[in-house]
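Asker: Assemble the complex: chain A is given as a structure, and chain B must be docked to it using the hints.
Chains as they are written, first to last, in my numbering: chain A, 22 to 185; chain B, 8 to 148.
Treat the hints with care, as some may be off.
With a straight-line cut-off of 25 Å between C-alpha atoms, the simulated PhoX-like cross-links for lysine-lysine are [what the hints assert, rightly or not]: (1) B:K69 / A:K86; (2) A:K73 / B:K69; (3) A:K86 / A:K73; (4) A:K63 / A:K73.
Since the hints were derived computationally from the structure, they do not count as laboratory data.
Each chain, written out:
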Amino acid sequence: MAETRAGDTASTTQAGQNSQRGLAQSPSSSVVVNQATATKGKTTIANGVVAKIVGIAAREIDGVKDVVGSGAGATITGLATRVTRGDTRAQGVSVEVGEREAAAGINIIVNYGLSIPLVAEAVRRNIIDRVEAMTGLTMIAVDIAVNDLYFPEDETEVEHPRVQ
Amino acid sequence: MLPLDAGSGTEETETSTARKVSVRLNDTDIANAIVHAIRDVPGVLDMGQGLFAKAATYGPGKHIAGIALQHPAPGELAVEVHVVLDERFLNKALADVSSSSDTVPILLRFTDQVRAAVSQTLEHLGLPVPLMIDVTIDDIR
Numbered sequence: 022m023a024e025t026r027a028g029d030t031a032s033t034t035q036a037g038q039n040s041q042r043g044l045a046q047s048p049s050s051s052v053v054v055n056q057a058t059a060t061k062g063k064t065t066i067a068n069g070v071v072a073k074i075v076g077i078a079a080r081e082i083d084g085v086k087d088v089v090g091s092g093a094g095a096t097i098t099g100l101a102t103r104v105t106r107g108d109t110r111a112q113g114v115s116v117e118v119g120e121r122e123a124a125a126g127i128n129i130i131v132n133y134g135l136s137i138p139l140v141a142e143a144v145r146r147n148i149i150d151r152v153e154a155m156t157g158l159t160m161i162a163v164d165i166a167v168n169d170l171y172f173p174e175d176e177t178e179v180e181h182p183r184v185q
Numbered sequence: 008m009l010p011l012d013a014g015s016g017t018e019e020t021e022t023s024t025a026r027k028v029s030v031r032l033n034d035t036d037i038a039n040a041i042v043h044a045i046r047d048v049p050g051v052l053d054m055g056q057g058l059f060a061k062a063a064t065y066g067p068g069k070h071i072a073g074i075a076l077q078h079p080a081p082g083e084l085a086v087e088v089h090v091v092l093d094e095r096f097l098n099k100a101l102a103d104v105s106s107s108s109d110t111v112p113i114l115l116r117f118t119d120q121v122r123a124a125v126s127q128t129l130e131h132l133g134l135p136v137p138l139m140i141d142v143t144i145d146d147i148r
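Here chain A stands alone, though its shape is the one from the complex (with noise of 0.2 Å):
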């Protein structure tokens, strides 16, 4: 039953240890969540666990057409990712994970049309809702940048063809 506590032990300790906002960042990539009781063995979720819960969870909110990396650098391996048929899920994510912190930054393309505020708002809501609910990790911080519109006509045309 240890590994099921996980949460409960995250946000008991955290009680205690408020004013240690900071993230303590750990230095493997992965991160020991019930530390605290790890008497019957030990929960650790990795970095990239908390990436792609963050990645899925921004793609849930109606509104955001995708999460997309940014820079030449991140396009190239987005294009690489997907015809090596990788798993996206976590591009366009950055996590910070401490001990009983996260934080998160992540990049979304917005459909046009809607107000930015709103959906950012209610991505920011839902990774912190999913974050939560499934690690057990509380976060402090989920930094949102709209990189892109995403305009719905675009895909409906039609494209003729030459030949009839």
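Answerer: The following block gives chain B in isolation, referenced to the frame of chain A:
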């Protein structure tokens, strides 16, 4: 009547009778409940789309059009409502207004009813009723 589920939520409400039981509500659930109440107000034909940007409450997998919920501060709620007014209702009210001595303009009376529906629903859910509830009549059809 109210389409509520106690899923992962944002707003916690506590009732005085059962203080240990807290219900967690999603923004989309709150918005849904408010829209149900607004649609029952006489004269409301439909929810509006917003004037310049689409006014809606966004959630996982769905959005509720015509109502924008925002949280200016933790535990606070700001509500913005967009409705489409029924033309027949307006014509009828205009015909009635000449015979009655009521001095409140028809549209203001209408928006007050919408506002009342919103605050009643929020009260019913045990949520704080905001001081300002913005109501916009987007269109008359």
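Asker: Check each numbered hint from earlier against the structure, then list the numbers of those it violates in ascending order.
Answerer: No hint contradicted; all consistent.
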